[in-house]
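With the hints as your guide, set chains B and C onto chain A.
Protein chains in written order, with the numbering used here: chain A, 1 to 490; chain B, 491 to 612; chain C, 613 to 753.
Bear in mind the hints are in silico, worked out from the structure with no lab data behind them. Every residue gets a Cβ at the ideal spot worked out from N, C-alpha and C, and that includes glycine. You can take every hint at face value.
Over the 10 Å line for every Cβ pair with chain C, so calculated as not near, a few chain B residues: (1) N518; (2) V520; (3) I528; (4) I543; (5) G545; (6) G554; (7) V558; (8) I597; (9) M609.
Estimated spans, in silico, between C-beta atoms of each pair: (10) L494/B - D714/C: 47 to 53 Å; (11) I573/B - W429/A: 48 to 54 Å; (12) T677/C - V209/A: 46 to 52 Å; (13) L570/B - Y298/A: 47 to 53 Å; (14) P610/B - W38/A: 37 to 43 Å; (15) N562/B - A65/A: 18 to 24 Å; (16) I550/B - Q616/C: 40 to 46 Å; (17) E3/A - P549/B: 29 to 35 Å; (18) E592/B - R24/A: 21 to 27 Å; (19) T677/C - R447/A: 39 to 45 Å.
With a Cα cut of at most 20 Å, we get these calculated SDA-like pairs of lysine to any residue: (20) K591/B - P154/A; (21) K591/B - I741/C; (22) K108/A - R589/B; (23) K108/A - I741/C; (24) K542/B - G188/A; (25) K591/B - R156/A; (26) K108/A - T677/C; (27) K542/B - M186/A; (28) K108/A - L584/B; (29) K430/A - W374/A.
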Amino acid sequence: MSEHLPVLLVVIPLMAAPTAALLRWGRAAWGLATGTSWVVLAMALLILRRVQDEGVISYFLGGWAAPIGIEYRIDTVNAWVLMIVAAIGALVMPYARASFEREIQPSKIPLLYAGLLLCLTGLLGIAATGDVFNLFVFLEISSISAYALIAAGPDRRALHAAYKYLIMGSIGATFIVIGIGMMYAMTGTLNMADLAQRLPEVSSRTVSVAFAFLTVGISLKLALFPLHLWLLDAYTFAPSAVTVFLASTATKVAVYMLVRFFFSIFGPGFSLEVMAFHWVLLPLALIAVISASLTAIYQLNVKRLLAYSSVAQIGYMILGVSLASVTGLTAGLLHLFNHALIKGALFMAMGCVMYQVGSVRMEAMRGLGKKMPWTMAAFVLGGLSLIGVPGTVGFISKWYLVLAAVEAGMWVVAALVLVGSLMAVAYVWKVVEAAYFQEYKGEFEVRQAPISLLAPTWVLVAANLYFGVNATLTSGVATRAAEVLLGVGP
Amino acid sequence: MRILGLYNYWIFIFLMMVGFYILISRRNLVKKILGLNIFQTSVFIFYISLGKITGGTAPILVEGESEVVYSNPLPHVLILTAIVVGVSTTAVALSLVVRIKEAYGTIEGAEINAMDNRMPPP
Amino acid sequence: MSDQVILRVAVKIIVPMILLYALYVQFHGDFGPGGGFQAGVIFAAGIILYGLVFGLRRAQKVFPTWVARLMAASGVLLYAGVGIASLLLGGRYLDYSVLAHDPHHGQHYGILLVELGVMITVCGVMITIFYFFAARGRETL
Chain A
1 MSEHLPVLLV VIPLMAAPTA ALLRWGRAAW GLATGTSWVV LAMALLILRR VQDEGVISYF
61 LGGWAAPIGI EYRIDTVNAW VLMIVAAIGA LVMPYARASF EREIQPSKIP LLYAGLLLCL
121 TGLLGIAATG DVFNLFVFLE ISSISAYALI AAGPDRRALH AAYKYLIMGS IGATFIVIGI
181 GMMYAMTGTL NMADLAQRLP EVSSRTVSVA FAFLTVGISL KLALFPLHLW LLDAYTFAPS
241 AVTVFLASTA TKVAVYMLVR FFFSIFGPGF SLEVMAFHWV LLPLALIAVI SASLTAIYQL
301 NVKRLLAYSS VAQIGYMILG VSLASVTGLT AGLLHLFNHA LIKGALFMAM GCVMYQVGSV
361 RMEAMRGLGK KMPWTMAAFV LGGLSLIGVP GTVGFISKWY LVLAAVEAGM WVVAALVLVG
421 SLMAVAYVWK VVEAAYFQEY KGEFEVRQAP ISLLAPTWVL VAANLYFGVN ATLTSGVATR
481 AAEVLLGVGP
Chain B
491 MRILGLYNYW IFIFLMMVGF YILISRRNLV KKILGLNIFQ TSVFIFYISL GKITGGTAPI
551 LVEGESEVVY SNPLPHVLIL TAIVVGVSTT AVALSLVVRI KEAYGTIEGA EINAMDNRMP
611 PP
Chain C
613 MSDQVILRVA VKIIVPMILL YALYVQFHGD FGPGGGFQAG VIFAAGIILY GLVFGLRRAQ
673 KVFPTWVARL MAASGVLLYA GVGIASLLLG GRYLDYSVLA HDPHHGQHYG ILLVELGVMI
733 TVCGVMITIF YFFAARGRET L
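Looking at chain A on its own, in the form it has when it is part of the complex (with noise of 0.2 Å):
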């Protein structure tokens, strides 16, 4: 049965979730969900040892070989890309239930559930699948389901927010196919390891034209600076739950996404020097650093101040991939795991706030340091592991970055990536003043988050510790995943 993996790994979340919307209860809904997370995550991290034993694994759907039919072909970089999917997946689903029993209309919880069912479908889809025309289906997979996940937020701003997206989204998609037809016609194949062999035989405008389409399109569903602005609404207005998952994964496989176009498909060759994508990213991603960090100083609202750190740390990743060495990659696909820890432990903190008070603005801030101490403390964990304060998975991030700038003789970038954290430093304070230095004035009596939302942040947090000490694990599989990017390593 192990032979299968990588395709269980994909089609039991998808047969979850329909039998997930026909279930009338949402308690129901919710233990198949939590169930189904829990089995896909053992399932990644099978796929993870044993990619780390035994190399790639390849496996034909329908026994249809490549390149004729469709391949699910995982390395080390999808391995760890499914692994982080699959972990927050696991943990957003038990935290759902109590944030969507506040925040949700009843009759449409089980929708819900199998919406994020489809969209962790699509997402360990994008990360599994070997064949460029397969991925886009699995991205929209994940994208139309997000855009109904967001919609169901309690806001009627949510509508209008879901809808940007939505507009924003198709557009990258269809551009994303553009590039993808372009390829085809100019080499006749699909599949990924194929097309990186056949591309640099056929080198002319066309291949440039589709990297450009493609570049622009997966930057628009990653959220890159200046094509973020869908990204702040969407993550303001969505429900709590919501917001976590997305947050964490979304944006992380199209990042995923742009280093196999970037690396595997085109070859580090073509991208690097023949259309020198990092002279465009790199200023983009050092923008997106400092403006959205200088941004998120001045908002009000804590969940829209923490969509615009989410820009800034996409930055972040987007910088380590344009400096194109092995530790810049390092620090990108490490990044992308630590960023899903931190700001999943912090979305989820804001959703037991948002259980609790019923709002995340700053001034419902106040004075919950010692309402709600559990929430609180954790909060002040993931802040100090977004400004990447040395014990925290933040720390190692940084760390990798500046050396790998650094390595490439670019003070500056190094001093701005710093100058980032400064600002972090700022704006996560702003939520700590209000919380421990000021008094509670509402009316109403404030309790402790239930422990069914207190545990899974509380789980991110220790994570965030533990893999801030223990750095081996994650740096040993994200540089061996640079390796096979950039093709040094084994």
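Frame of chain A, contents of chains B and C only:
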């Protein structure tokens, strides 16, 4: 002559630009979706015209004849999938518009933005 | 529109033919152009036409909402289930060859079942979308 011979790509680019322009310039939410549809349809035409081989026929095996030239069926299959994706996107978009109309009473982007800005921040 | 005699009579004649044609497109799909997606849309179009002329309530009597929802979900399960079945029988996912005693028949049954799943889902989804849009803003659902 070379430019005329590639007329299918010209049609694709023209439609793509028309759709994209509507998508950017219109503020009405339904018109935006129309633009998005034209934009996506242009890509369908691009793919399908890729699969056409001059003199090629439908790719159904004819027994006993080995000299038949077939069109490439793969782009058609891909586009069948892309059409389904496009239909689903349109369905989700339209249902969002219906709900926006119910919640805001308008489908003009500018008015909705103004109403959003007047609302107390979340 | 239910007071228009010509429409009512015409629809009563046309709808069964549309449904029959949908089944033709479905099951002729292995030999010629056709297939589950088209068949599902055509089938749903028949029901939707009936609903447009005779009203939503009559249509929902013929084809209740819960049936449409069940179909939308079960088609996907049928599709994925065929894949799981071929996997349990020792093949790869969606490898139809192992479904019957010889690969030729296996491929035949496999694609038939998968296309049936597509048809069921597409039909269910189309009808559900129509019902929900049509019922919007009215009390009767």
